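> Below are the chains, spelled out letter by letter.
4 protein chains.
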Amino acid sequence: MPRTLRLAMIGGGEGAFIGAIHRAAAALDGHWRLVAGAFSSDPDRNRRSGEALEIAPERRYSSLEALLAAEAALPAAERVDAVAIVTPNHLHAPMAIAALDAGFHVFCEKPMALDLNEARSIAEAQARSGRQFALAFTYSGYPLVEEARVRVARGDFGKIRLVQVEYSQGWLSRPIDREGNKQAEWRTDPARAGLGGCLGDIGTHAFHLAEHVSGLQVRDLCADLTTHVPGRRLDDDVSVLLRLEGGARGTLKASQVAAGDENGLKLRIHGELGGLEWSQMEPNSLVLRWLDRPTEIVRAAGPGLAEATLSLLRTPSGHPEGYIEAFANLYRAFAMRISDSAGTDLDSAFPSVDAGLRTMAFVESVIANSASDKKWTTLAPA
Amino acid sequence: MPRTLRLAMIGGGEGAFIGAIHRAAAALDGHWRLVAGAFSSDPDRNRRSGEALEIAPERRYSSLEALLAAEAALPAAERVDAVAIVTPNHLHAPMAIAALDAGFHVFCEKPMALDLNEARSIAEAQARSGRQFALAFTYSGYPLVEEARVRVARGDFGKIRLVQVEYSQGWLSRPIDREGNKQAEWRTDPARAGLGGCLGDIGTHAFHLAEHVSGLQVRDLCADLTTHVPGRRLDDDVSVLLRLEGGARGTLKASQVAAGDENGLKLRIHGELGGLEWSQMEPNSLVLRWLDRPTEIVRAAGPGLAEATLSLLRTPSGHPEGYIEAFANLYRAFAMRISDSAGTDLDSAFPSVDAGLRTMAFVESVIANSASDKKWTTLAPA
Amino acid sequence: MPRTLRLAMIGGGEGAFIGAIHRAAAALDGHWRLVAGAFSSDPDRNRRSGEALEIAPERRYSSLEALLAAEAALPAAERVDAVAIVTPNHLHAPMAIAALDAGFHVFCEKPMALDLNEARSIAEAQARSGRQFALAFTYSGYPLVEEARVRVARGDFGKIRLVQVEYSQGWLSRPIDREGNKQAEWRTDPARAGLGGCLGDIGTHAFHLAEHVSGLQVRDLCADLTTHVPGRRLDDDVSVLLRLEGGARGTLKASQVAAGDENGLKLRIHGELGGLEWSQMEPNSLVLRWLDRPTEIVRAAGPGLAEATLSLLRTPSGHPEGYIEAFANLYRAFAMRISDSAGTDLDSAFPSVDAGLRTMAFVESVIANSASDKKWTTLAPA
Amino acid sequence: MPRTLRLAMIGGGEGAFIGAIHRAAAALDGHWRLVAGAFSSDPDRNRRSGEALEIAPERRYSSLEALLAAEAALPAAERVDAVAIVTPNHLHAPMAIAALDAGFHVFCEKPMALDLNEARSIAEAQARSGRQFALAFTYSGYPLVEEARVRVARGDFGKIRLVQVEYSQGWLSRPIDREGNKQAEWRTDPARAGLGGCLGDIGTHAFHLAEHVSGLQVRDLCADLTTHVPGRRLDDDVSVLLRLEGGARGTLKASQVAAGDENGLKLRIHGELGGLEWSQMEPNSLVLRWLDRPTEIVRAAGPGLAEATLSLLRTPSGHPEGYIEAFANLYRAFAMRISDSAGTDLDSAFPSVDAGLRTMAFVESVIANSASDKKWTTLAPA
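Residue numbers (my numbering), protein chains in the order written: chain G, 1 to 382; chain H, 1 to 382; chain P, 1 to 382; chain A, 1 to 382.
Honestly, the hints are just simulated from the structure, not real lab data.
Bear in mind that the values here come from a model prediction, so they are computed numbers and not experimental data.
Take these hints with a grain of salt, some might be off.
Stated by the list, open to error - Okay, derived cross-link-like pairs now, EDC-like style, lysine to aspartate or glutamate, Cα gap no bigger than 20 Å in a straight line: (1) H:K375 / G:E364; (2) G:K375 / H:E364; (3) G:K266 / H:E277; (4) H:K374 / G:D373; (5) A:K266 / G:E282; (6) G:K266 / H:E282; (7) H:K266 / P:D373; (8) A:K266 / P:E277; (9) P:K159 / P:D340; (10) G:K266 / A:E282; (11) A:K375 / P:D220; (12) P:K266 / H:E282; (13) H:K374 / H:E277; (14) A:K266 / P:E282; (15) P:K266 / A:E364; (16) A:K375 / P:E364; (17) H:K266 / G:E277; (18) A:K375 / P:D373; (19) H:K159 / H:E277; (20) G:K266 / G:E277; (21) G:K375 / H:D220; (22) G:K374 / H:D373; (23) A:K182 / A:E14; (24) A:K374 / A:E364; (25) H:K374 / G:E282; (26) P:K159 / P:E272; (27) H:K266 / G:E364; (28) G:K375 / H:D373; (29) P:K374 / A:D373; (30) G:K374 / H:D220; (31) G:K159 / G:E245; (32) P:K375 / A:E364; (33) P:K375 / A:D373.
Stated by the list, open to error - Okay, the calculated beta carbon distance ranges per label pair: (34) G:E185 / A:S311: 22 to 28 Å; (35) G:N181 / A:D292: 31 to 37 Å; (36) P:A72 / H:A72: 39 to 45 Å; (37) G:A56 / A:S311: 45 to 51 Å; (38) P:E185 / A:A380: 39 to 45 Å; (39) G:D340 / A:L74: 34 to 40 Å; (40) A:Q217 / P:E51: 55 to 61 Å.
Quick reminder that beta carbons are idealized off the backbone N, C-alpha and C, glycines included.
Based on the sequences and whatever the hints tell you, model everything.
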């Protein structure tokens, strides 16, 4: 277990959803202590947020620049180790690059950037800085997602033929982006959200999960992007046909206008011998179906799990772990990697620049294909 | 309740699966009595099947032609009322046309025919004969499918935006079509199955269910047909993007190589206000999700059902009805229509020629699109 | 497959629920043809029911006595083989005895009789007549109940420790028995229903299922019978602690005032090595949980089933079979036993007199115990 | 939001399960910081645990006595606010009393004590100290348990008739208590676990949940305690019939030999108008069934929740919260109560002495009844 590391947060002031989740996830296992932050560009809001979080007054910064400068000047034993970036998407790239270049590790919200070019700049900054970069593709932190990944990789299902992923939400069914909902507002604003709406916000999660668990890269895709709510400036619904390496076929469906749906991320993969199904809303079960024997339900902390899965669990079987715990698994892996001197194999323990580059390439390819009459668009291999 | 009608069956001899289902479905409510048949082109098998079914020897016919000739010569009070055609697909059209033209009502297995042209010929025969024609899109016979249809039609969900249908089987994961499995053999033989493999066998079910419940016709589609099992002559996996009338978007996924999956037909429809989900493997529940109130589970014979749904139920709530009961609902509606003098509005009570024409047009469009580099293929409105 | 047998029905006229179920179950597989009946003591209702069922006028009888006399006088090749008794409980014993003594096989609704003495009289009549007697403990006809029974019997779970059965309905939550609901009326009338209300109606089902699947007899019980709805004359809620042979412990809970519940019959059995769970409302799955390996879901017509289970299935996996099919399995076994010359081992294929005697002894023991301050009442072994 | 409070922990050193859970739960929302502890009576283990948890060396105490003395001597601004007691059961009472008497708030593991007398001593110490006492009946911290409680209390279901609670585990199916499993060892040792085995360990959870949500106290009970595993010194299986105030009837079933079961705590309550069902293993759904309208699924953070429920949630709907989050709700309520000057209404926000007294009275009554031939034992009202 590493010593407790020190974290700074950019964004995530009063009322922000994801900042609070990052803080809980970072706190859960005791590997991180939040000691500094620039929580809001509004000075009053920044102050109130800092007070509520019991941040020392001198470490409540007015901006990322101020934070980086002041923290870099502190002795190593006091300086923050990493910066968590939980701002709207358009700030991810400049902030991540600045923080990496200032010598700090970075834990960044997804999507990585506004476009692939920006993502590449982050990747370059990561490489030249030698610092760690973690990307909040939270769902890969669930223990049974890891179990699924391990089982596919070791060939339990034989050659993979089908990959089906869907991410179904309904919260943007009404035009709340024009009725004062802040979360909806920036997520549907191209200047702040980037090229994709639903595509960037949750389509990237679905894409990442599919490639991460299947171990297969998407080669070609054919997409239909739609905006159902009149006046909305970005897509709110995504349908994609996938052709993956090795001949597997796939579908990716993401929607934020599936009225009544909550956070329905679901992955199914089938090979020659059987298939798996995992659903984020019941994350502690992994369903395995077989050609020649009864269906199995592998359960968190139950019998039959891989070593890698067990390391991601905190409670005995039947005591559900949830979203914050999955998130905490990323923060824990991030802490362990930082505490460890070695720095290779970035994507195995937590999503990093490779995941970011793949997902941004996916976003650009979907947008290009959707605007075209041509059926298939090739996604360059990573 | 009509008098009991007399049924003849073509095909469905010893060992055939679907013939036995037709017989059980026809018998369940007492509206039909099987009194004649040509169960097999093999004389011994035909005789043994007829004996087992207690068909009088003189009404065990050697062929459809013999059956039609002999039955037509019987007095009306003895003559069969309808012919059930449960042969491989390539015989549907010639047999249905012959039976209609001989003055018999026809209950035909799906798909309607080998191609759209054949289907049109059946439709013409139906029209000129004035006889009833029922098509075994069984899943529309489930009570909660009717409930779903009624609720969409009366606007419970507002304008429909999303239609997602999938039909996932795994029984063709191995090359059993080349290992002596009769069912697999003819279903993957273009001469007997028609243009589509998985597409014709179960993709048509999925398509019919989607249009039937949504009340919306597919306008354009973009498809990816695949054959995963080496040496197989027809597709075993289908992925389709759909654009429906009124702007709704959809996906259709059908596979017979989803190893371990049984008979996973599932439909989801979302409108502006909420959505529904129905799954064939748990057919007695209909899940309704809403933007602004808790999820509801509408149950067979439970509170809140439409009149039309209640008429399709036989048991009190909590006593599950299944596939044979759904099938029997088609046979009952078919009997009632025949007993009734009126003959319009064919598709509302049981799938008929319109359903057949739509599904055959779908099959042809998918095949054309899948072979093309062009993204969208328009499906002519019915 | 036997020749089609001829069935007569007593009771089950217009509007009766269970008569229609018996008819559907008997018809489903083609082993029975309903050719005679005394459907109602009301002559008009009897006539209308007989017409609707297309019973020949001369075989629409005014009473059981008339039926038995006339049918016995017919040539063997025309005479009915069996009589289905679907009247209220107080008529079961006299009618079953009369039918058996007249030389007919009997399929009787449950509970077997008003009390244990009556049940013994039926058992004696069955023994002296040499005729078959089937009792409608329908739930033992479900394929996966048979699978559960086989697996317990062959020791999959080791020595059995726990048996938990529950049967939860809500339809008697309001005093509908005093508001004109016919079903509720006679079921809560001691003169027609017998000693137990909920206890006799569904408690007996639960008890039979528990002993049938566990293969263990209840030795001692401790019960709490309650009537929740004011003015009701029989119990509407039953709770029982069970001690079974071999040291297993159990609970039995039955209620008809669990408002909102449908027909929640559920059985759980645990042994040293694992346990099973079966739920009537999702009857095509059997859940197996294990100490040392993942949970398994055994599915109707899926891999891993016992031979005995396969013989009870009609459709491929994923095509749900329901309550009528389970009922039809009893009628099929009844037909096969009758067609077969051998006559032993009555309870293995369908519930018979032993099941009836056990359940009536259970009813009497529960009532005696519930009225007593003594904790345990011994149930005499069969 | 209160300032961060300071926590000390007694027990919970390396390898202990529940100590780690307390730490995660206390850390999650940032209301508690662990600054002191006596983690083990073994000095090396205590030191290693303290180091791993980054406790300052001078605050790693060798015993509770040392901790209380030293912390009491610190200035108020440094002194710990509360002590978490996570030792085996026999130490709960002496330690809780000592800590309360020394002026510290106490968060104690359940069961409260070895017997009712001890529990009363804690209650007296709590009263005379004026300090807060929280008891880890964790399951009452789940948001949808609160929703259930609110809905029962406001009369959604009418008068309550049925309360059914069960807690099913299988981890003690084998004699692991004699094979070196530390958790199993002390939990089956009367000297350390108290009067009840399964009864004290999980039966108390079930009892607390039932009374907490129903708002009804158990008046009389009838119990059957069993030890299935040979040589075990305490019960491993509990069955109880309950009679609650107002005429409601109930059952309580707890087992630790339900082989294959994980942590199956489930509560069902029915009133005149409908019923609820909550299951700990899928804690983010509350199922509501109704006499006269469709079943509803109320979801965490979904529409229709009470204010009190919303205050217990951290993530948007569809992002599962689990066991640690429920536990954290207790720690948060505990912190808020301490930070607040008022001190009444102890049991509403977190389980306190009343819950402890009720559950210990339950344990004693079950043991007394189980050993008796008399059917009912009265549980004195609180």
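> Confirm or reject each hint.
Now for the hints, and whether the structure bears them out:
no., hint, result
1, H:K375 / G:E364, "18 Å, holds"
2, G:K375 / H:E364, "18 Å, holds"
3, G:K266 / H:E277, "15 Å, holds"
4, H:K374 / G:D373, "6 Å, holds"
5, A:K266 / G:E282, "17 Å, holds"
6, G:K266 / H:E282, "19 Å, holds"
7, H:K266 / P:D373, "54 Å, violated"
8, A:K266 / P:E277, "15 Å, holds"
9, P:K159 / P:D340, "35 Å, violated"
10, G:K266 / A:E282, "17 Å, holds"
11, A:K375 / P:D220, "13 Å, holds"
12, P:K266 / H:E282, "17 Å, holds"
13, H:K374 / H:E277, "32 Å, violated"
14, A:K266 / P:E282, "19 Å, holds"
15, P:K266 / A:E364, "31 Å, violated"
16, A:K375 / P:E364, "18 Å, holds"
17, H:K266 / G:E277, "15 Å, holds"
18, A:K375 / P:D373, "5 Å, holds"
19, H:K159 / H:E277, "16 Å, holds"
20, G:K266 / G:E277, "7 Å, holds"
21, G:K375 / H:D220, "13 Å, holds"
22, G:K374 / H:D373, "6 Å, holds"
23, A:K182 / A:E14, "12 Å, holds"
24, A:K374 / A:E364, "15 Å, holds"
25, H:K374 / G:E282, "40 Å, violated"
26, P:K159 / P:E272, "6 Å, holds"
27, H:K266 / G:E364, "31 Å, violated"
28, G:K375 / H:D373, "5 Å, holds"
29, P:K374 / A:D373, "6 Å, holds"
30, G:K374 / H:D220, "15 Å, holds"
31, G:K159 / G:E245, "11 Å, holds"
32, P:K375 / A:E364, "18 Å, holds"
33, P:K375 / A:D373, "5 Å, holds"
34, G:E185 / A:S311: 22 to 28 Å, "26 Å, holds"
35, G:N181 / A:D292: 31 to 37 Å, "36 Å, holds"
36, P:A72 / H:A72: 39 to 45 Å, "42 Å, holds"
37, G:A56 / A:S311: 45 to 51 Å, "29 Å, violated"
38, P:E185 / A:A380: 39 to 45 Å, "42 Å, holds"
39, G:D340 / A:L74: 34 to 40 Å, "37 Å, holds"
40, A:Q217 / P:E51: 55 to 61 Å, "60 Å, holds"
In summary, the numbered hints that this structure violates are 7, 9, 13, 15, 25, 27, 37.
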